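Asker: Starting from the known structure of chain A, fit chain B onto it as the hints suggest.
Given next are the chains, with one letter for each unit.
2 protein chains.
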Amino acid sequence: MRAVAIIGVGSHPTGRFHDRPLKALAYPAIWGALEDAGVTPADIGVAYVGNSLAGLLTGQEGVRGQVVLQHSGLNGLPIVNVENACASAATALRGAWLEVASGAVDVALAVGVEKMNVGDSARTIGALSAVSELDLSEMGMQFTASYAIHPKVNLKSRMRDYGWTAADFAKPAVKNSFNGSLNPLAQHQRRLTIEEVVQSRIVVDPLTLLMCSSISDGAAAAVLCAAELAPRFTSKTPIRIASCVLQSGVYRLPGDARPDSATTSAFAAYEKAGVSPEDLQAIELHDAMAPAELMLYERLGLCAEGEGPRLIDERVTTLDGRVPVNPSGGLCSRGHPVGATGLLQICELVWQMRGEAGTRQIVPRPHVTMAQNQGGLLLGQDSAAYAVTILTD
Amino acid sequence: MRAVAIIGVGSHPTGRFHDRPLKALAYPAIWGALEDAGVTPADIGVAYVGNSLAGLLTGQEGVRGQVVLQHSGLNGLPIVNVENACASAATALRGAWLEVASGAVDVALAVGVEKMNVGDSARTIGALSAVSELDLSEMGMQFTASYAIHPKVNLKSRMRDYGWTAADFAKPAVKNSFNGSLNPLAQHQRRLTIEEVVQSRIVVDPLTLLMCSSISDGAAAAVLCAAELAPRFTSKTPIRIASCVLQSGVYRLPGDARPDSATTSAFAAYEKAGVSPEDLQAIELHDAMAPAELMLYERLGLCAEGEGPRLIDERVTTLDGRVPVNPSGGLCSRGHPVGATGLLQICELVWQMRGEAGTRQIVPRPHVTMAQNQGGLLLGQDSAAYAVTILTD
Numbered sequence: 002m003r004a005v006a007i008i009g010v011g012s013h014p015t016g017r018f019h020d021r022p023l024k025a026l027a028y029p030a031i032w033g034a035l036e037d038a039g040v041t042p043a044d045i046g047v048a049y050v051g052n053s054l055a056g057l058l059t060g061q062e063g064v065r066g067q068v069v070l071q072h073s074g075l076n077g078l079p080i081v082n083v084e085n086a087c088a089s090a091a092t093a094l095r096g097a098w099l100e101v102a103s104g105a106v107d108v109a110l111a112v113g114v115e116k117m118n119v120g121d122s123a124r125t126i127g128a129l130s131a132v133s134e135l136d137l138s139e140m141g142m143q144f145t146a147s148y149a150i151h152p153k154v155n156l157k158s159r160m161r162d163y164g165w166t167a168a169d170f171a172k173p174a175v176k177n178s179f180n181g182s183l184n185p186l187a188q189h190q191r192r193l194t195i196e197e198v199v200q201s202r203i204v205v206d207p208l209t210l211l212m213c214s215s216i217s218d219g220a221a222a223a224v225l226c227a228a229e230l231a232p233r234f235t236s237k238t239p240i241r242i243a244s245c246v247l248q249s250g251v252y253r254l255p256g257d258a259r260p261d262s263a264t265t266s267a268f269a270a271y272e273k274a275g276v277s278p279e280d281l282q283a284i285e286l287h288d289a290m291a292p293a294e295l296m297l298y299e300r301l302g303l304c305a306e307g308e309g310p311r312l313i314d315e316r317v318t319t320l321d322g323r324v325p326v327n328p329s330g331g332l333c334s335r336g337h338p339v340g341a342t343g344l345l346q347i348c349e350l351v352w353q354m355r356g357e358a359g360t361r362q363i364v365p366r367p368h369v370t371m372a373q374n375q376g377g378l379l380l381g382q383d384s385a386a387y388a389v390t391i392l393t394d
Numbered sequence: 002m003r004a005v006a007i008i009g010v011g012s013h014p015t016g017r018f019h020d021r022p023l024k025a026l027a028y029p030a031i032w033g034a035l036e037d038a039g040v041t042p043a044d045i046g047v048a049y050v051g052n053s054l055a056g057l058l059t060g061q062e063g064v065r066g067q068v069v070l071q072h073s074g075l076n077g078l079p080i081v082n083v084e085n086a087c088a089s090a091a092t093a094l095r096g097a098w099l100e101v102a103s104g105a106v107d108v109a110l111a112v113g114v115e116k117m118n119v120g121d122s123a124r125t126i127g128a129l130s131a132v133s134e135l136d137l138s139e140m141g142m143q144f145t146a147s148y149a150i151h152p153k154v155n156l157k158s159r160m161r162d163y164g165w166t167a168a169d170f171a172k173p174a175v176k177n178s179f180n181g182s183l184n185p186l187a188q189h190q191r192r193l194t195i196e197e198v199v200q201s202r203i204v205v206d207p208l209t210l211l212m213c214s215s216i217s218d219g220a221a222a223a224v225l226c227a228a229e230l231a232p233r234f235t236s237k238t239p240i241r242i243a244s245c246v247l248q249s250g251v252y253r254l255p256g257d258a259r260p261d262s263a264t265t266s267a268f269a270a271y272e273k274a275g276v277s278p279e280d281l282q283a284i285e286l287h288d289a290m291a292p293a294e295l296m297l298y299e300r301l302g303l304c305a306e307g308e309g310p311r312l313i314d315e316r317v318t319t320l321d322g323r324v325p326v327n328p329s330g331g332l333c334s335r336g337h338p339v340g341a342t343g344l345l346q347i348c349e350l351v352w353q354m355r356g357e358a359g360t361r362q363i364v365p366r367p368h369v370t371m372a373q374n375q376g377g378l379l380l381g382q383d384s385a386a387y388a389v390t391i392l393t394d
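Protein chains in written order, with my numbering: chain A, 2 to 394; chain B, 2 to 394.
Hints are not guaranteed to be accurate.
[Unchecked claim] Derived Cβ-Cβ restraints for the label pairs, each shown as a range:
hint, chain 1, residue 1, chain 2, residue 2, range
1, B, G60, A, T166, 32 to 40 angstroms
2, B, D206, A, E357, 54 to 62 angstroms
3, B, I203, A, P255, 54 to 62 angstroms
4, A, D121, B, G275, 49 to 57 angstroms
5, B, Q200, A, H19, 29 to 37 angstroms
6, B, D121, A, R366, 52 to 60 angstroms
Calculated directly from the structure, the hints in this document are not laboratory data. Keep in mind the model is a prediction, meaning the values are calculated, not measured. C-beta: ideal position from N, C-alpha, C; glycine also.
Next comes chain A alone, as it looks inside the complex (with noise of 0.2 angstroms):
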């Protein structure tokens, strides 16, 4: 298969814009990525479209992808509209990766948007529940609350066995807080302290309101091309795709001692891009709560079981690190709107390794770079989809 660069990538801001259809959010990002590649419509031959809640929210079930590109020049194409719950952004570059590697087409256009203040919260988190597998809600169980129960995320075993302390859970809110402060199309731009964090009202104990995502609007895209056609579109330096991998959660019987799905996943992406942990100088990986990030040091092998929170204290994965992690802010400070947020880790590490993230630049300039991203819930299985993205220039 052929390489594959992202050579443009644009986003609408995060946040809340109660009066912003998909289309309102969608465009922006769709105008920044192609102006950004140096692309025309005419140019793209095929277009993803990521969204996950849209039906439930907004009552387009069907056909999102054209109906958010209808007035964009962007029909006639191929629109292959994908949903993988909060990994449906990272799924839809995975297509127009695919699409490009093969030589189905030479440039492609990767899209997630998602709408999720109708005005109505308790209807948002009734369609989040609505991406895990039903028989949970059946049962009483909601999304967040399974971040506390679930026994591969279990956040009281991991204070039992490794001592780790309501603070500890804090930190990378605390952390991703700071990153967040410095990027102007972050939801939250507001530096955190643990104390503000830990004392916030309790969602599900352990979890505080301030270590949870909040609910998103918000839109990202990235345009991709055979890495040796770049230099048709852009002087820009391309972004080489070194692997882009996706995978489904294992469904589990009591006992099953294979790694998480978040481990394999990740790992088979460092193998087909032919890289070790060791080798990221930045990651923007999946804090949909602030202690997951600590789950994921250990799962993406950035550390041992039980170490995470010393990677903060050491500051490792600071803005001033060795690896930062979540520069952008994370899902918890930039914003999580779900079906968007896999490309809007992608606009951040592009932005990242093209030198061009503004005061959140990380010093030197990364060349090794990882997007990791999950969603859904089944009953006995890790999260539905993972999807990691390693990223050379």
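Answerer: Chain B alone, transformed into the frame defined by chain A:
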């Protein structure tokens, strides 16, 4: 890219199955396809799952494929949930094709599943409206009405310009009801007469009830592999995918003289497969409303404009004709569970090409066939998605 073959297909019967959830519809199709192909779940490298309406109709908004496949042994692998309204299953097929053609995997599964009977047909019709651009429904339009109003399928203009009559509109329904009567998996297995079709109640003048496809539940699946690997799994004739084309509709201003997207997608498929319309020996096409079959005859290059009814009068497209169309019974008789239809078409063609179609077997066995699937509706546009697959043995 590599040559790709379909080595196994399976389907659930199409009809009204009030008590069966998505999983129960999908499993017989999936197990049927795997068994037919001689593969096990461990052989499958990726799964594409097409569905259009589950978010609004069953509440399962996200990770539908993971939910359907959870207890099938098919997890851990990449699962991509795709949607393109009534062309969702063909979009799943195209995804699976690209995975194998590109060399990303050796064996892929494509699934289409739809549960439309939820005990409240108004809810189902509402959900169908939501696979249109929603501005349409705000104008009081519905999917069915659009078939009468949309300028490209304006039946009234065919009556005026070519003298088509209500009896002409009924002809595909009558022809296909005969085929459906021979198909034990069809929703409607009753032979209709012109009089019965014309005199059934008017839905939208000039469309009558028996000219319309019904609300259907159903599922279909196909296993694809690299053509050179087919003998490793099965001794049955591998059915080659000669081309697999997806296009979105073109947004049109009044006076736009470009050919309809049904035409451009079909001719793109002919070109990629190196065949002509005259080479086709069987076709499954998208007769969501019976008269659409007549207009598709024109658009697929089977006859000149206005000549559609003649192809049935002269028994060109009947089961004993030169190029039988909708041998399964088509959408009106076989049934139209929207997100499954594209793969139900593929099942029928594979069975016909292998000589496994029982009493409706086309004689001699066809060697070059086409599936034409389309879906969704946007204001000022052709259908939202067109998918055309040409098969050869």
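Asker: For each hint given before, does the structure comply? Return the numbers of the non-compliant ones in rising order.
Answerer: Going through the list in order, the structure violates hint 5 alone and respects the others.
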